Each structure stands twice: as C-alpha cells, then as structure tokens.
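Residue strings, one per chain:
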Amino acid sequence: MSNFWTILWHTYWTKIKTKSFLITTIITALLFVLLANITTIIDTFSNEETPKVAVIDETNSSIQAIERIEAYTSEEVILESVQQSEAEVDEKVISGEFTGALYLTSNGEDLISGEYKSLSIADTTISSLLQTALQQIKTELTAESINLSPEQLQTLYAPVSFETTALEENAKSQEELSQARGLVYVVLFLIYFAVIMYASMIANEVATEKSSRIMEILISSTPPVQQMFAKILGIALLSVTQMLILGSIGFFALRESMSKLEGGWFEAFGFSNLSLGILVYAAIFFLLGYFLYATLAAFLGSLVSRIEDVQQMIMPMTMLVVVGFLLSMYGLSNPDTTFITIASYIPFFTPMLMFLRVGMLSLPVWEPILGMAVLIVTTIILAIFGARVYRGGVLMYGRSSSYKDIKKAIQLTKKEK
Amino acid sequence: MSLKLENVTKKFGQFTAVDDISIEIPEKEMFGFLGANGAGKTTTFRMILGLIDATKGNISWQGKPINYSVSGQIGYLPEERGLYPKLQVKEQLVYLARLRGMDKQSALKELDNWLDRFKVPDYKTKKVEELSKGNQQKIQFISSILHKPKLLILDEPFSGLDPVNVELLKDAVVDLKNSGTSIVFSSHRMEHVEELCEHLCIMQKGRPVVHGELKEIKRSYGKKTLIIHGDFSMAFLQDHPAVKKFKMTTEGVHLQIENELAADDILKDIVGKGFIRKFMLEEPSLNDIFIEKAGASYE
Numbered sequence: 001m002s003n004f005w006t007i008l009w010h011t012y013w014t015k016i017k018t019k020s021f022l023i024t025t026i027i028t029a030l031l032f033v034l035l036a037n038i039t040t041i042i043d044t045f046s047n048e049e050t051p052k053v054a055v056i057d058e059t060n061s062s063i064q065a066i067e068r069i070e071a072y073t074s075e076e077v078i079l080e081s082v083q084q085s086e087a088e089v090d091e092k093v094i095s096g097e098f099t100g101a102l103y104l105t106s107n108g109e110d111l112i113s114g115e116y117k118s119l120s121i122a123d124t125t126i127s128s129l130l131q132t133a134l135q136q137i138k139t140e141l142t143a144e145s146i147n148l149s150p151e152q153l154q155t156l157y158a159p160v161s162f163e164t165t166a167l168e169e170n171a172k173s174q175e176e177l178s179q180a181r182g183l184v185y186v187v188l189f190l191i192y193f194a195v196i197m198y199a200s201m202i203a204n205e206v207a208t209e210k211s212s213r214i215m216e217i218l219i220s221s222t223p224p225v226q227q228m229f230a231k232i233l234g235i236a237l238l239s240v241t242q243m244l245i246l247g248s249i250g251f252f253a254l255r256e257s258m259s260k261l262e263g264g265w266f267e268a269f270g271f272s273n274l275s276l277g278i279l280v281y282a283a284i285f286f287l288l289g290y291f292l293y294a295t296l297a298a299f300l301g302s303l304v305s306r307i308e309d310v311q312q313m314i315m316p317m318t319m320l321v322v323v324g325f326l327l328s329m330y331g332l333s334n335p336d337t338t339f340i341t342i343a344s345y346i347p348f349f350t351p352m353l354m355f356l357r358v359g360m361l362s363l364p365v366w367e368p369i370l371g372m373a374v375l376i377v378t379t380i381i382l383a384i385f386g387a388r389v390y391r392g393g394v395l396m397y398g399r400s401s402s403y404k405d406i407k408k409a410i411q412l413t414k415k416e417k
Numbered sequence: 001m002s003l004k005l006e007n008v009t010k011k012f013g014q015f016t017a018v019d020d021i022s023i024e025i026p027e028k029e030m031f032g033f034l035g036a037n038g039a040g041k042t043t044t045f046r047m048i049l050g051l052i053d054a055t056k057g058n059i060s061w062q063g064k065p066i067n068y069s070v071s072g073q074i075g076y077l078p079e080e081r082g083l084y085p086k087l088q089v090k091e092q093l094v095y096l097a098r099l100r101g102m103d104k105q106s107a108l109k110e111l112d113n114w115l116d117r118f119k120v121p122d123y124k125t126k127k128v129e130e131l132s133k134g135n136q137q138k139i140q141f142i143s144s145i146l147h148k149p150k151l152l153i154l155d156e157p158f159s160g161l162d163p164v165n166v167e168l169l170k171d172a173v174v175d176l177k178n179s180g181t182s183i184v185f186s187s188h189r190m191e192h193v194e195e196l197c198e199h200l201c202i203m204q205k206g207r208p209v210v211h212g213e214l215k216e217i218k219r220s221y222g223k224k225t226l227i228i229h230g231d232f233s234m235a236f237l238q239d240h241p242a243v244k245k246f247k248m249t250t251e252g253v254h255l256q257i258e259n260e261l262a263a264d265d266i267l268k269d270i271v272g273k274g275f276i277r278k279f280m281l282e283e284p285s286l287n288d289i290f291i292e293k294a295g296a297s298y299e
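One line per chain: the protein sequences are A and B, in this order. Residue 138 in our numbering sits at position 138 of the first sequence; the count goes up by one each step and never skips. Residue 288 in our numbering sits at position 288 of the second sequence; the count goes up by one each step and never skips.
Certain hints may be false.
Simulated crosslink set (DSS-like; lysine-lysine; CA at most 30 Å straight-line) [claimed, not checked]:
| no. | chain 1 | residue 1 | chain 2 | residue 2 |
| --- | --- | --- | --- | --- |
| 1 | B | 293 | A | 17 |
| 2 | B | 148 | B | 218 |
| 3 | A | 17 | B | 127 |
| 4 | A | 19 | B | 104 |
| 5 | B | 218 | B | 4 |
| 6 | B | 247 | A | 19 |
| 7 | A | 17 | B | 244 |
| 8 | A | 19 | B | 127 |
| 9 | A | 17 | B | 126 |
| 10 | B | 223 | A | 17 |
| 11 | A | 17 | B | 218 |
| 12 | B | 247 | B | 223 |
| 13 | B | 90 | B | 150 |
Sample of chain B residues facing chain A (criterion: CB under 7 Å; computed from the structure) [what the hints assert, rightly or not]:
| no. | residue |
| --- | --- |
| 14 | 49 |
| 15 | 64 |
| 16 | 66 |
| 17 | 73 |
| 18 | 76 |
| 19 | 78 |
| 20 | 80 |
| 21 | 82 |
| 22 | 83 |
| 23 | 84 |
| 24 | 85 |
| 25 | 95 |
| 26 | 100 |
| 27 | 232 |
These are computed hints drawn from the structure, not numbers from a lab. Source: prediction; values computed, not measured. Even for Gly, the Cβ is constructed at its ideal location relative to N, Cα and C.
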C-alpha cells in the first residue's frame, strides 16, 4: 500500500510543478479577476471621451427632435446640431471630428425617421441607443397626435402582473428555481471542464509512461490497479488544489466587485443564499463523475502506444461528456421531462443530469442515491475491466491503436488452461 | 534456493513464444540467456517478473512464486529502455527506488555512489531527455540496481553502448554478483555470455536448445578447433577422417575436429611436410556450439 501513496504523491507533485499547470492556473485566475471586474474595466476604457454625434434635423421644428433625443441620451452622447450639407458632414465623420452623424427626417406616416452614419457599423452602442430614443419619441408623438395623456400612455405600457406558483409540496418557488438554475449551471460547467481537462490529463499521463517505456518497470513493482487508482487520485488531488486556488481567487475577486454591483447577476446565480444540501450533492456528483471518467480515461490511455494517439483514443469519451452537457443544457429549462429522467440513470450522463434534477426539482431521496449507486457500480466495473486491459495494454506496443486492442490486451493477461 | 522454471510455456493465441522451458538458475551466480531476436528471451523474463502469466508451468524464486510482495528484491532492466523524459535523474531514480521499497535517504546516498562510479555525477539534476542514449542507459541500469536487489534481470544490458561503457557496466555486474546478487541476463553477443556466465541457456524459437554449465557444455560438446599455420599446402587435410569442418585461411587452416585425440593424428600427418609455424588446439566457441545445435547462425 505504501507504493500507492508514493505514486499518488509523485503524480501530484510532478504535475503541480510543471510549467503548464502553473501557466493554466495563472491565466484562468487572471481571467476570473478580469471577468469579475468586467464592468469596471469597460467603464474605464469607454469613459475617456463622450462621443459627439452631428445631427442634421430636417423634421418639423415644432417636434423639437434634438431636445427630445437628448432627454434620453444626454449622458452617453453629445448631440450637436449642424446646418451643413450631408456631404460636408460625412467628410467630418471620416476626418474624425464626429463619431457619427444622424439624419432626421419626417415624411407622411412616419412621424420621425433617422439614418445613422459612422466609420464602422460594427459598434452598435450609439446606433442602438439612438434607435431606442427615436422609438420612444415616435411613441410619444403618436400618443400626442391621438391626444393620449402621459398617464394613459403609461397605463398602456405598464407590464402585466403575472406570477407562477407550484402546488406540489416542497416544490421550488420561482425565485428558488432561478437561483438553483444559476448554481446548477455553474456546477455543470465545472463538471464538464473538469472531466475534459483532468480526464485527458490522466490519459496523457498513462500514455506518456507507456510511450516512454517506463511502464514495464512500474508495473513490475506495483500492481496495475494500484497504479491506476493512485494516478487517478493524484490527479483528483491536483484538480482539487487547482479548483481551490481558482475558487478562492474567484470568490475574493467577486466579493471585491460585489460592493459595486450590489446584488446583480451574482445574486441571480444563486450564490447569496446557497442551501447546504445542494452543495453536498454538487460535490458528490462532481467527484463520482470525475472518478467514472478518470477510470475510463486511464483505461483508454493504456491502449495507445504514442502520445499523438491519445486525443483520438479518448475522443468517444469526450463526445460522451459533450452529449451529457448538451442534454443538461436542454434539461435546464425542461428538468422534469421523461427523457431527462431516463437519461439521468445512464451512468455517463448521471453526474450532470442527476445533479440537474436534484437542483431543479424536488426529488425523493432515493433517486439521487440510486444515481450515485449507478455511478459507483459502473466505476467499479470499469475499474475491474480497465485494470485487466491496463495490465495487458501497457505491454502492447503495436503501431495501431484501436479498440480491437482491448481484446488483444485482455488476451495478453489471460491464462489459458 | 534459486530461480526455478518448470515446464513453462507461453502461447499468444496460436503462436508459441516460449515452449516448455525448464531451467534452474543457481543463486548468486550469473546466468546467461542467448538467442536471436524473437527467440523468447523477453517473454521469459516477463513471465519471471509476473508481468504476464505463463500459459503452462511454474516459476518460483526461493521456493515461492514471484509476486508484488517480493518486488523489492527484484531488479529489472527492460529491453525497451524507458525513463520519464521530463524528470530529473535524481527525481525518477529516487521514485523508482521507493516503489521498490527503499527509503528516500538511502536511495539518494546509493545514487551518488553509482553516479560517481559511472563517472556522471553532474547528471544528477539533469533531465533525462537531455542525456545521450548511452548515458540514459547508464541511468536506466542504475535504476534497476539502486534498491540492491537479490535477483537482477537484465534484458540486453550492453546493447547500444560503446566499448568503454560496456566494460564499465560489466565490471559493475561482476561486482554485484560477487556481493551476492543472482543475475539473469540476456544477450545476443556470445562473447559477453562466454565471459560472464557460469550457466547459460541458448534459446531458439522459444525452445532451449542448449542449457547448462558453460564448461560442461563445452566439454560435452567434445569437438575442438584446431588452428594450423604453416608454409605448405594443407588442402589434403580436408579428406582426413577426423576433420569435421575445414576452412582455408591466408596463413593455414581452421579445422573442427572430433576430439582432442584427433589432433595427435593430424600432427603426425603433417610432420615433415614443411615448416609448422603454429599448431594450436582451442576450446569450441559458443558460436560454434550454437551453430551446430540450432542449425543456423544468427549473427
């Protein structure tokens, strides 16, 4: 058993010391900080200068179009009324004197219509702002022309009051549900990335040992099953380390910007009042899902002889994760369809879908427990089967690496009596 | 108390890699496995190590089957060399030694000794991928003996090394033997086995064609090589009844003769024919024996 720990720590330390691990962690951490402060950053860059827009107003002067637009946009855009010809104004936009030019006209049915010209129309910040303003003005003008009072107008546009209530006992309220959705969403992403990242790390690790031919020495000193699980746990520890680092950086970065955001999306994602139960489920399904895919990855990794073939070999596994993820994205808005219920018992989808259902619905306890059991049993079966293939696979150095090799690998370890 | 293989057979599907091999390898000695590529040497070693199971037969070391409980007593240098390319020499040797049950401190101490002995102490903190192939092989060799195994299995230990390093490694192997390590090694270089081993086994197509003590094998083979150099034509010796094989050289002839006594007859026949510069009776080489027994040369 001491070999188990030796391999576990060896895997952990050598991986944690690699440049790639350090760089990935730092980059992701930076990304987190960046995302947490994205609004501040955007503000810093865009606050440099308020864009100036030239306006050629050909509408009836009684409308006072410019004043009305300014009432909506005064903070973001400076409007400047100009009396020059279109061509001259265009010239000024091109030379950079104005960010853009707005031509206002009115004819017939259209009480007011506009055309916005700027160097590029890729940035829609100003144009959509102006469009919205014009839309409002048009509504106002129309209301005025049919003699609606501002109060009447307000009533016309007031949103309808509409609430949903679930009658089932323990059913989640609308508010709870949207919070749960946020958390489930985040955890699903975590599972998805962790499985893709760390599982392929394991497959690579195994393939590296195999292609560097060190496997023969390792396997003559330590049973393959022990090796396989020591490696899986070592990488699991690594993933926990990385997630703790990233998690705490993300948490502090968010808390910093929280004071500025005051609620906002942070609360909408359901972080402000997390229920402990769902966090426990998240952790359990995350770990079980990781072990399932990690075992599969180790077993697939032992079949290839060259590192170049790893990606190709674990492709089907990656597809499974992607399908699981897509299903859960669908399930996020339809958690109680039969389809999702059935899929949540298919082992490779269970970590995501069962967690989704636990988070979004009020399931009887046996359902998630059955899901866990399915996961554990599948992992054990995969481990037993995988260990045999692993043992034979690591001694095979064929040029091809296909699934036919599984049979060959098992034959290698079989005793013919 | 030794390494014992009893009727060991390994089949891969229809193909028989090792066919009914029964040998006993004495303790604290050096045992040589000879054979061409594909003769079944590596498969035999893998079965001894328990990497693959024998289809039939029994393998035991000191009366017990070899499994992971004794892996600390066994050292293995695989034919397919392999180390972690990205790891430092120190890191991986200590890691591998620890997997064989050695503690870190003594592993480090042993490591320094061996690196000094192989005149490469400055490789300690180098990555393996930075080393030349020959030097990687030295490191690999150290990895197989660092934990002071009682049974050392070396699969082609000298292949790919320059003569200086071959000597260095040979000395190390002999020292290990003298300090009580049982060593099994394979080679397709006859002279290495001839030089180092008391016992040997020549394998061909999975079968042991010659097996036993080196001296005994040579003695029981009987035939000797006779070298005659002289200033006269010796072509007539080709028809001599005692001559089994006849080969003309620039200075005379190389003969293979039935036994020692035949040399006397031949001497009588050539006396008086001319000046004899050299008349020498030699032990047969392993190569001769192999060619005779296996019916083919493989070099």
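Evaluation of the provided hints:
| no. | hint | verdict |
| --- | --- | --- |
| 1 | B:293 x A:17 | violated (56 Å) |
| 2 | B:148 x B:218 | violated (33 Å) |
| 3 | A:17 x B:127 | holds (14 Å) |
| 4 | A:19 x B:104 | holds (25 Å) |
| 5 | B:218 x B:4 | holds (23 Å) |
| 6 | B:247 x A:19 | violated (65 Å) |
| 7 | A:17 x B:244 | violated (68 Å) |
| 8 | A:19 x B:127 | holds (15 Å) |
| 9 | A:17 x B:126 | holds (16 Å) |
| 10 | B:223 x A:17 | violated (63 Å) |
| 11 | A:17 x B:218 | violated (57 Å) |
| 12 | B:247 x B:223 | holds (15 Å) |
| 13 | B:90 x B:150 | holds (23 Å) |
| 14 | 49 | holds (5 Å) |
| 15 | 64 | violated (17 Å) |
| 16 | 66 | violated (10 Å) |
| 17 | 73 | violated (11 Å) |
| 18 | 76 | holds (5 Å) |
| 19 | 78 | holds (4 Å) |
| 20 | 80 | holds (4 Å) |
| 21 | 82 | holds (3 Å) |
| 22 | 83 | holds (6 Å) |
| 23 | 84 | holds (6 Å) |
| 24 | 85 | holds (6 Å) |
| 25 | 95 | holds (5 Å) |
| 26 | 100 | holds (5 Å) |
| 27 | 232 | violated (58 Å) |
Hint compliance for this structure: hints 1, 2, 6, 7, 10, 11, 15, 16, 17, 27 are not met, and every other hint is.
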